[in-house]
Amino acid sequence: GAVVSQHPSWVICKSGTSVKIECRSLDFQATTMFWYRQFPKQSLMLMATSNEGSKATYEQGVEKDKFLINHASLTLSTLTVTSAHPEDSSFYICSATSYLTTANTGELFFGEGSRLTVL
Amino acid sequence: GENVEQHPSTLSVQEGDSAVIKCTYSDSASNYFPWYKQELGKGPQLIIDIRSNVGEKKDQRIAVTLNKTAKHFSLHITETQPEDSAVYFCAASRPNDYKLSFGAGTTVTVRA
Numbered sequence: 001g002a003v004v005s006q007h008p009s010w011v012i013c014k015s016g017t018s019v020k021i022e023c024r025s026l027d028f029q030a031t032t033m034f035w036y037r038q039f040p041k042q043s044l045m046l047m048a049t050s051n052e053g054s055k056a057t058y059e060q061g062v063e064k065d066k067f068l069i070n071h072a073s074l075t076l077s078t079l080t081v082t083s084a085h086p087e088d089s090s091f092y093i094c095s096a097t098s099y100l101t102t103a104n105t106g107e108l109f110f111g112e113g114s115r116l117t118v119l
Numbered sequence: 120g121e122n123v124e125q126h127p128s129t130l131s132v133q134e135g136d137s138a139v140i141k142c143t144y145s146d147s148a149s150n151y152f153p154w155y156k157q158e159l160g161k162g163p164q165l166i167i168d169i170r171s172n173v174g175e176k177k178d179q180r181i182a183v184t185l186n187k188t189a190k191h192f193s194l195h196i197t198e199t200q201p202e203d204s205a206v207y208f209c210a211a212s213r214p215n216d217y218k219l220s221f222g223a224g225t226t227v228t229v230r231a
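First to last, the protein sequences are chains A and B. Numbering-wise (my numbering), the first sequence opens with residue 1 and increments by one. Numbering-wise (my numbering), the second sequence opens with residue 120 and increments by one.
Simulated from the structure, these hints should not be mistaken for laboratory data. Check before you lean on any hint, since a few could be wrong.
[Claimed, not checked] Here are the simulated distance ranges between beta carbons: (1) Ser15(A) / Asp178(B): 24 to 32 Å; (2) Asn215(B) / Leu119(A): 24 to 32 Å; (3) Thr197(B) / Ser15(A): 42 to 50 Å; (4) His85(A) / Ala223(B): 24 to 32 Å.
[To be verified] Pairs of lysine-lysine, DSS-like flavour, derived with a Cα cap of 30 Å: (5) Lys187(B) / Lys177(B); (6) Lys218(B) / Lys64(A); (7) Lys20(A) / Lys161(B); (8) Lys55(A) / Lys218(B); (9) Lys41(A) / Lys141(B); (10) Lys20(A) / Lys177(B); (11) Lys64(A) / Lys161(B); (12) Lys190(B) / Lys20(A); (13) Lys141(B) / Lys64(A); (14) Lys177(B) / Lys41(A); (15) Lys190(B) / Lys41(A); (16) Lys161(B) / Lys66(A); (17) Lys64(A) / Lys176(B); (18) Lys14(A) / Lys41(A); (19) Lys218(B) / Lys66(A); (20) Lys187(B) / Lys55(A); (21) Lys176(B) / Lys20(A); (22) Lys187(B) / Lys141(B); (23) Lys161(B) / Lys14(A); (24) Lys141(B) / Lys66(A); (25) Lys141(B) / Lys161(B); (26) Lys218(B) / Lys41(A); (27) Lys176(B) / Lys190(B).
[Unchecked claim] Footprint (simulated), chain A over chain B, 3 or more residues, beta carbon under 8 Å: (28) 164–170; (29) 185–192; (30) 197–204.
C-beta atoms are modelled at their ideal positions from N, C-alpha and C, and glycine is treated no differently.
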């Protein structure tokens, strides 16, 4: 299957600082990327959908000014947690697909996740 | 929107026995049903999926069945091994909609 890489895999930051997480599709062009957050022992909750070259679509209840998403190229999407607070500590996961892939198989390719801890 | 329910939340089986996880979905238009395995500290990994035009799919020790009329689908793992211990998630999506709705997850523990 296709490879999606996330970086960093874990990050610790001070409250009030901003943290950027990268999601890269290594061997295919991702027209669409998704960002999820996952609290311990819970399921994945979709935060937003980003299509290359356009603004992200946020799920209800997700603050777009808090979680900035950029999908400037077909292989890279970034999630920036601005002015992070302890309650933002979570496991953030991205997934990627291309319209052609999804139309044929429906499959999404997931990254390994990034654990954010805000002190 | 789509609501996916998953049961049980935890499952403990003896090595070599079978494990079955069941999911129901609410949106009759959903047509894609993947299953993911997530190990601690890692992202989900697709293990098997099924589309609504198929009733059953098998890949070695893993099988998925789909009952579209009843709107439920199940994951079957046979001859379980300790490395099958993980959290398993079911999901569903509609045609041409790439957003997945996930179940709550099942923590599977295989006892050696």
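Here is how each hint holds up against the structure:
A hinted range of 24 to 32 Å for the beta carbons of Ser15(A) and Asp178(B) is inconsistent with their spacing of about 46 Å. In this structure the hint that Asn215(B) and Leu119(A) lie 24 to 32 Å apart at CB is violated, the actual value being about 43 Å. Roughly 49 Å separates the CB atoms of Thr197(B) and Ser15(A), a value that falls within the hinted 42 to 50 Å. Taken as a hint, the range 24 to 32 Å holds for the pair His85(A) and Ala223(B), whose Cβ atoms sit roughly 26 Å apart.
A hinted pair counts as satisfied when its Cα atoms are at most 30 Å apart, and Lys187(B) with Lys177(B) qualifies at roughly 17 Å. Between Lys218(B) and Lys64(A) the CA atoms are separated by roughly 18 Å; this keeps the pair inside 30 Å, and the hint holds. For the hint pairing Lys20(A) with Lys161(B), the CA-to-CA distance comes to about 19 Å; that is within 30 Å, so the pair holds. For the proposed pair Lys55(A) and Lys218(B), the alpha carbon gap of about 16 Å is at most 30 Å, so the pair holds.
Restraint check for Lys41(A) and Lys141(B): the C-alpha separation of about 18 Å stays at or below 30 Å, so the hint holds. The straight-line distance between the Cα atoms of Lys20(A) and Lys177(B) is roughly 40 Å, outside the 30 Å bound, and the hint therefore fails. Using a Cα cut-off of 30 Å, the hinted pair Lys64(A) and Lys161(B) holds, with the two alpha carbons roughly 26 Å apart. Of the pairs offered as hints, the one joining Lys190(B) and Lys20(A) is violated, with about 40 Å between alpha carbons and a cut-off of 30 Å exceeded.
Distance restraint check for Lys141(B) and Lys64(A): the Cα-Cα separation of roughly 35 Å exceeds the 30 Å cut-off, and the hinted pair is therefore not satisfied. Between Lys177(B) and Lys41(A) the alpha-carbon distance is near 28 Å, which keeps this suggested pair within the 30 Å criterion. For the hint pairing Lys190(B) with Lys41(A), the CA-to-CA distance comes to about 26 Å; that is within 30 Å, so the pair holds. Under the criterion of a C-alpha separation no larger than 30 Å, the hint pairing Lys161(B) with Lys66(A) is consistent with the structure, at around 24 Å.
At roughly 40 Å between alpha-carbon atoms, Lys64(A) and Lys176(B) are farther apart than 30 Å, so this suggested pair is violated. Distance restraint check for Lys14(A) and Lys41(A): the Cα-Cα separation of roughly 24 Å lies within the 30 Å cut-off, and the hinted pair is therefore satisfied. This hinted pair checks out: Lys218(B) and Lys66(A) have alpha carbons roughly 22 Å apart, not beyond 30 Å. Distance hint between Lys187(B) and Lys55(A) is unfulfilled; the C-alpha atoms sit about 35 Å from each other, more than 30 Å.
Taking the CA atoms of Lys176(B) and Lys20(A), the gap is about 40 Å. The hint is violated against a cut of 30 Å. Taking the CA atoms of Lys187(B) and Lys141(B), the gap is about 13 Å. The hint holds against a cut of 30 Å. Between the alpha carbons of Lys161(B) and Lys14(A) the distance comes to roughly 24 Å, so the proposed pair stays at or under 30 Å and holds. Annotation: proposed proximity of Lys141(B) to Lys66(A) is violated, straight-line Cα distance about 36 Å (limit 30 Å).
About 23 Å separates the Cα atoms of Lys141(B) and Lys161(B), which keeps this hinted pair within 30 Å; it holds. Restraint check for Lys218(B) and Lys41(A): satisfied, since their Cα atoms lie roughly 21 Å apart, inside the 30 Å limit. Between the alpha carbons of Lys176(B) and Lys190(B) the distance comes to roughly 16 Å, so the proposed pair stays at or under 30 Å and holds. Under a criterion of three residues with beta carbons nearer than 8 Å to beta carbons of chain A, the stated coverage of the region 164–170 of chain B is upheld, 4 such residues being counted.
For the region 185–192 of chain B, the assignment as covered by chain A is violated, since 0 residues bring a beta-carbon within under 8 Å of that chain's beta-carbons and 3 are needed. Only when three residues or more bring their CB closer than 8 Å to a CB of chain A does the claim for the region 197–204 of chain B stand; here the count is 0, and the claim is violated.
Figure legend: structure checked against the earlier numbered hints; hints not met, in rising order: 1, 2, 10, 12, 13, 17, 20, 21, 24, 29, 30.
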